[in-house]
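Q: Sequence:
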Amino acid sequence: MEQNKNQEAWRLLDEASKINDPATKAETDHLESLLKQAREVADDPYEESFAHEHENLTNVVAWSNQRHKTWSWAIIGGALLGVFLLWWLTNSKNEDVDKEKQKLEKVEAWSQPCDTVITYESCGKVISRVGMYDTPNKYKAYKLAYAKQRVEDLKNDIAKADSMEYYAAHKAEYEKSLKEWEPRFNEINSMSYDKLKEAAVKDAKSDITGVKSGANFVLTLLIIVLVLIPLYIWTGYQHGYEITASRTREKVLSWIRKIGFGIAGFFFGAGLVFKFFPDETPRERRERKGFSNDTGRIGTNLLFKGLLMLAGAIILAFVSIFIMLVEVIAGLKHKLRNIKTVSKA
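One point on numbering: in numbering that gives the first Met the number 0, the residue at position 298 of the sequence shown is 297, and numbering is uninterrupted.
Because the hints were derived from the structure by calculation, they are not lab data. Please note: incorrect hints may appear among the correct ones.
Below 25 Å or equal to it, Euclidean Cα-Cα: the simulated DSS-like pairs (lysine-lysine) are [what the hints assert, rightly or not]: (1) 124 - 68; (2) 105 - 211; (3) 68 - 250; (4) 124 - 92; (5) 250 - 178; (6) 170 - 159; (7) 178 - 105; (8) 124 - 194; (9) 178 - 194; (10) 250 - 17; (11) 92 - 105; (12) 102 - 194; (13) 211 - 92; (14) 178 - 159; (15) 211 - 100; (16) 257 - 102; (17) 194 - 204; (18) 102 - 196; (19) 137 - 175; (20) 332 - 68; (21) 159 - 98; (22) 100 - 178; (23) 211 - 201; (24) 211 - 102; (25) 124 - 17; (26) 98 - 137; (27) 257 - 196; (28) 98 - 175.
These numbers come from a predicted model, not from an experiment.
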C-alpha cells in the first residue's frame, strides 16, 4: 500500500515537472494543484529528492503568481527626450501658423490694385513663394510662373512618352491635364483686382489650414507619448507567467533596443568628437586657406555636432517610444485577459 502511495506521489510530481514553465494563469494553478496533491499522497514529503524537486516547482509557482517590475528607466528617459523634441517641434509649428496668419493679414491689407501684365514669353519659370503675399503684383507673378511651370512640365512629360514606357502609359492623363492648365495663364492674367485678392485670401487660408494640420498632428503625438509613459509603468508590473509567455517578444525588443541605442550612442559620440575641434566661420576658413572667395561648401564643426547629436536624440526617442508602445499594448491585453478571468470566476 505504501509502495503504491509513493508511486502516485512521484507520478503527480513528474506530471507537474512537465509544466515547470507555466505561461498562463490556468497552467500555474494546475501546477500548484498537482504539487498539493503530490505532497498530500506522499509517504515521506521530506525525503531529500522528493522535497528538493517539490521545492523547486513550488518556487516556480510562487514566481509565476508574483508581479515583477518589467519597465525600464532607460526607456522612460528616451520617451521623455521624445516629449521634449515633440514639444519643441510643436512650438516651431505654432510659430509657422502665426507666420501664415501674418501673410493672410498682408493680403487683407492690400489697397493698391495690381497693375502688372506679364506675357507668357517674359514670365519666368523659377517659382519662389517668398514674399508672394506682400503685394498683388508679387502674388500674380507667382501664380503665372506656377501655371507656366505646370504647362512646360506637362509638355516635357508628353514628349518623353515617345521614348519612355512609363510616360507613354500616362500620356492620356498628361494631355488631359495640359488642356486644363493651358488656359489658366490667360485666366490669371485677366483677373480683376477683386478676383485676384479673393484667390490670394483663399490660398493664404489654405496654407494656414495645412500648417495647422501639421501642428495638430505633432501635438497629438506629444499627447500620445505623455499618456503612454504612465501606462507603461502601470502595465509594467506583470505576473511571472505573463513574462514567460512574452519571452519571444522580449528577445526581439531587447535586440531592437540594443541596436537602436547603439546607433544613437554612435551619433552622440560622433557629435561629441567635434567638440574637440574649434568652431570655424566661413570667413575664417577662407582666410585660413588664403582665398578671398571660397565657392565650395563650407560647414562649421558646430553645425555637424548639432546635426549628429540631434540625429542621435531622434533615434533614441523613436526606439524608446516604439518599445514603450509595444509593451503597453501587450500589457493592456494582459490586464483585459485578467479582468475577464476574474469576472468568469
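Q: Compare the structure with each hint and give your call.
A: Checked hints:
1. 124 - 68: Status violated; Cα separation ~62 Å.
2. 105 - 211: Distance ~19 Å between residue 105 and residue 211 Cα, so the pair holds.
3. 68 - 250: holds, 17 Å
4. 124 - 92: violated, 30 Å
5. 250 - 178: violated, 58 Å
6. 170 - 159: holds, 9 Å
7. 178 - 105: It is violated: about 33 Å lies between the C-alpha atoms, which goes past 25 Å.
8. 124 - 194: Holds, because 23 Å separates the two Cα atoms, which is no more than 25 Å.
9. 178 - 194: holds, 23 Å
10. 250 - 17: holds, 24 Å
11. 92 - 105: The hint holds at about 20 Å.
12. 102 - 194: holds, 18 Å
13. 211 - 92: holds, 8 Å
14. 178 - 159: Since the Cα atoms of residue 178 and residue 159 sit roughly 18 Å apart, the hinted pair holds (cutoff 25 Å).
15. 211 - 100: Given pair residue 211, residue 100 holds - Cα atoms ~11 Å apart, limit 25 Å.
16. 257 - 102: violated, 47 Å
17. 194 - 204: This hinted pair holds, its Cα atoms lying about 15 Å apart.
18. 102 - 196: Holds, at about 13 Å.
19. 137 - 175: Not OK: residue 137 and residue 175 at ~29 Å, beyond 25 Å, violated.
20. 332 - 68: holds, 17 Å
21. 159 - 98: Violated, because 40 Å separates the two Cα atoms, which is more than 25 Å.
22. 100 - 178: Given pair residue 100, residue 178 is violated - Cα atoms ~34 Å apart, limit 25 Å.
23. 211 - 201: holds, 15 Å
24. 211 - 102: holds, 14 Å
25. 124 - 17: Violated, at roughly 77 Å.
26. 98 - 137: Holds, because 18 Å separates the two Cα atoms, which is no more than 25 Å.
27. 257 - 196: violated, 57 Å
28. 98 - 175: violated, 36 Å
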